[in-house]
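S.K.: Spelled out from the first residue to the last, the chains are:
2 protein chains.
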Amino acid sequence: MKTDLECVPCIIKQTINTLKISGCSNKLSKKVVSELLQKLENIDYDLSPAANSDIGYIVFREVTGIKDPYYDLKRKYNRLALDIYPKLEKVVDSVKNKLYMAAKVAIAGNVIDFGIDIKKVNTLDFNKIIQDLQNTPLAVDNYDKFRESLKDSINILYITDNAGEIVFDKVFIKELVKLDKKVVLSVKSNPIINDATLEDAIEAKFDSLARVIETGNSNIGINISDSSDAFLEEFKKADLIISKGQGNFETLDKTGANIFFLLMAKCEKIARELGVKHSDIVFAESKARTGKSNAVSKNQ
Amino acid sequence: MKTDLECVPCIIKQTINTLKISGCSNKLSKKVVSELLQKLENIDYDLSPAANSDIGYIVFREVTGIKDPYYDLKRKYNRLALDIYPKLEKVVDSVKNKLYMAAKVAIAGNVIDFGIDIKKVNTLDFNKIIQDLQNTPLAVDNYDKFRESLKDSINILYITDNAGEIVFDKVFIKELVKLDKKVVLSVKSNPIINDATLEDAIEAKFDSLARVIETGNSNIGINISDSSDAFLEEFKKADLIISKGQGNFETLDKTGANIFFLLMAKCEKIARELGVKHSDIVFAESKARTGKSNAVSKNQ
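Here the protein sequences line up with chains A and B, keeping their order. Each residue of the first sequence is one higher than the one before, starting from 1 at the first, in our numbering. Each residue of the second sequence is one higher than the one before, starting from 1 at the first, in our numbering.
Honestly, the hints are just simulated from the structure, not real lab data. Relax, there's no trap hidden among the hints.
It does not matter which identical chain is meant; a pair holds if it fits inside one copy or across any two.
EDC-like mimics (lysine to aspartate or glutamate), calculated; alpha carbons at most 16 Å apart, straight line:
(1) Lys-27 x Asp-46
(2) Lys-236 x Glu-214
(3) Lys-31 x Asp-4
Chain A with its partners taken away, still in its complex shape (with noise of 0.2 Å):
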């Protein structure tokens, strides 16, 4: 996916935001921002929005020296998820299929990455999840044609997005993995936003439920030239991808390879690309897919 114009704005707003998480000063935080707009002003609108919202957090890092201002919180949407994962098992369970309630507990888990005050939030509200689930269709449901993709695969990659939010992967992992499917689990080689990393992973207590790998870097989404040739060879090998959240669906949205996109749509610019509305929620396979393996390269 390409960058638009209003993607400008979102990103040095995302900017700001970190700034403000990580509670720099005015003057630093001024600069920042300066510096930032100096470098956006030969934005490539070719690359991903992603990987032009990287731009922000790499100036973040190099003028504040700041490397994870979202450590604490990413603790913080853990320990909440943690505390009601037993619920969310609970409800899977509650229902006949369980495999197509676990997938919406893993968008439910995008989903109030969203709804929450970051700053303020210190607990989920459990019945306004399940309650969420049940009042809110997905926009795209594809579920269909996933399942049937299930049925020749083995291997699955699930391409993870933000802390917290893994722990409601976790649900829908479990449900594959009793259809005896191996999962690989791919978090940030580094910080990046709230994006899970193996610290996350391991606090989410995946176990022996899949293996986890690093993609080799911290960029928002998957930058494939940028990508560790470990992760790489999964990427290749897996029969089918679980890509959860934005900035992974701008960023593979054109490989070809077989790929579930699930996600709530939370800016207007990937609505569009979605054929569907502002915080919608969607289920969708890959429209570029070719049919062939997920050959990728690093020069792709």
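Dock chain B against chain A, hints included.
M.R.: Here is chain B on its own, set in the frame of chain A:
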């Protein structure tokens, strides 16, 4: 009011909205945004958000050569508002405290500017406007103080905001004239966003109701140092000033003049400054009021 970091993406967003409305090509739009980013690198945070937003429109005009991208929309706003004007008058006539209701109608004029989709609107939903008037209490209501101040006031300067909205203002001004007040209406000398100009005042048929003067510039809000002597004379002469909308609040909140601000808080920054929530509506007296005359100088 000074500019905050969070105003920076908003300034860019406003310019992008103007680019969309003007129908500029993608290439030209990118050029505008790039030049704006360059200008904003050295943004003066001590200036008001309105003054810094001016930069976006200046760059837009310089790069595109388009002087009044909102021209057609302003005509449409006026026509739609004039269509329901008799109904607005009836609402005021139907209540006991006509002046208070008329003030609320004027505030509603500021609200509808925000609520409508400027590209799609073809009618104004009168019933919804009235429902909102009844259901939305003023988050700050200094009407009693206004009423008190009005007793000692003859000359009123009414600083307008948007085209269309000025038809709603007319309902309020009519009630003030009934109380034998002399109302002078100020509009912009040249186009800026959808702000009212002389052409709009003529379309709104103010006729003998109020004398119309121009600010001498095309700034968002009121830039004292850039205003005409004629405007400043009326500003000083006024016993009481009524100021509509955010831009005027941003630029006049520290002047110490006897001003009442009627507006909807359309962003978090303004809401904070007013001590209210986003989307709240207010009828607020100036906190900077010194009790002296409305003395201003161009060096202020």
